[in-house]
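Asks: Given next are the chains, with one letter for each unit.
Protein chains: 2
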Amino acid sequence: MNKIKAVFFDIDNTLYDSTLQVEMVRRNAIKAMIEAGLEIDEEAGLKALKEIVRVKGSNYDHQFNDLLEEFGYDNTPRIIAAGILAYHNTKAAYLVPFPDTVSVLLKLRERGYKIGVITEGLAVKQWEKLISLGLQHFFHAVLISEEVRKQKPDVEMFSIAAQRIGCTPKEAAMVGDRLDKDIGGAKRSGMTTIQILKGKYASQKPASQEEEPDYIVPDLKHILAILK
Amino acid sequence: MNKIKAVFFDIDNTLYDSTLQVEMVRRNAIKAMIEAGLEIDEEAGLKALKEIVRVKGSNYDHQFNDLLEEFGYDNTPRIIAAGILAYHNTKAAYLVPFPDTVSVLLKLRERGYKIGVITEGLAVKQWEKLISLGLQHFFHAVLISEEVRKQKPDVEMFSIAAQRIGCTPKEAAMVGDRLDKDIGGAKRSGMTTIQILKGKYASQKPASQEEEPDYIVPDLKHILAILK
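Sequence lines, in order, name chains G and E. Going letter by letter, the first sequence gives residues 0 to 227 in numbering that gives the first Met the number 0. Going letter by letter, the second sequence gives residues 0 to 227 in numbering that gives the first Met the number 0.
Don't take every hint at face value.
Same chains, same names: a pair is fine if it fits in one copy or spans any two.
As the list claims (entries may be wrong) - BS3-like, lysine-lysine: derived pairs with alpha carbons at most 30 Å apart:
| hint | residue 1 | residue 2 |
| --- | --- | --- |
| 1 | Lys49 | Lys106 |
| 2 | Lys106 | Lys30 |
| 3 | Lys124 | Lys49 |
| 4 | Lys90 | Lys4 |
Please keep in mind that the hints were generated in silico from the structure rather than gathered at the bench. Remember, predicted model here, so these are calculated numbers, not experimental data.
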């Protein structure tokens, strides 16, 4: 392993449990809509909602309207409002770091590492996450796909991030949950790769040798031993 | 006074302190944006934000983008995100009923009154308020201007509401903070009118005799004596 100077992190399922968050958000939204008058079975509602998000994407903002329509309801502001409110409240409640996230980041900084974020999604939304997680001042560089109009696993996402933080990709490590997005791209750029087994991608299998991580950790705290 | 069968309420500054909420939301949003890197004076920022909302309306959703532009910043996702987050968190924190709201509504129901809401704004947003306030199940009728494409003080807002709840306007009372919107319209419809002295409209003067309320109360609890 080269002398590592910088460590990059994905956000979702790496710094916090986004899979749990998404599940709880949907369930609480359905429960709230039922309380507000939607007469459907909770599990049937959940299933339909998941399908809508799968088809329309996770940033689609009319998922509850579509859901009501699917169950034969007219646009019903009271039910929509109940869903939106539960959605936001639950999202906020589950935007907490993994138990070891903050201490690991602090220790890396103390050891002299530069730390950064390489993440996909809308820039404002990803920053909202970092701020809610209490991490907005921690990172020396934050690279979000929307800003640079690239997507992981594009190698450029990783080389631009390294450049911004002041090192070469070979002098950096990437920590993420997804083999296809985080590990594959980072490895091709020359970074040392560490897969964290969190969230729904923990059981993903590498599609090629390029997606095989250099290290696999169950929790963030284990990277401290790797980066000795 | 006719035999009153139903009592209608405005939401903002009647069931909860929306003037305080708006002030705190703006102040906390500016503070959060300063923490995220916006180098401006807090009071100057507040003043500029108020002016943007005055011109663009309270449901305009790019107020922080406009603010940054005004202070010479490019679209900066980190700062925008900090503002949006503080906005939502503070909005939620101040969505609590006045200390006497819930007990007054319960007592009116116990006494056999029908209770309702007559409010302006977007239907989903007004329902979000009622749900957050913990009041979604309290009212026998909720009339929101967007649904009926009327605005207070249009007399029809009040006559439709009375009809929905099952009485004539003469058999109803309207409680609200605004002389021009709540009192004027309700009085012309035939309702008994009660002004509550809350929020920024508390110092408003009646523009005509039609806007003079039948009763003025400092707090919601005083309507219990009026509706004996």
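Asks: If a hint holds in the structure, say so; if it doesn't, say that too.
Replies: Verification of the hints:
1. Lys49 / Lys106: Classified as neither: same-chain Cα gap 38 Å, cross-chain 42 Å, threshold 30 Å.
2. Lys106 / Lys30: between (41 Å within a copy, 29 Å between copies)
3. Lys124 / Lys49: Close inside one copy (20 Å) and across copies (24 Å); limit 30 Å.
4. Lys90 / Lys4: neither (34 Å within a copy, 42 Å between copies)
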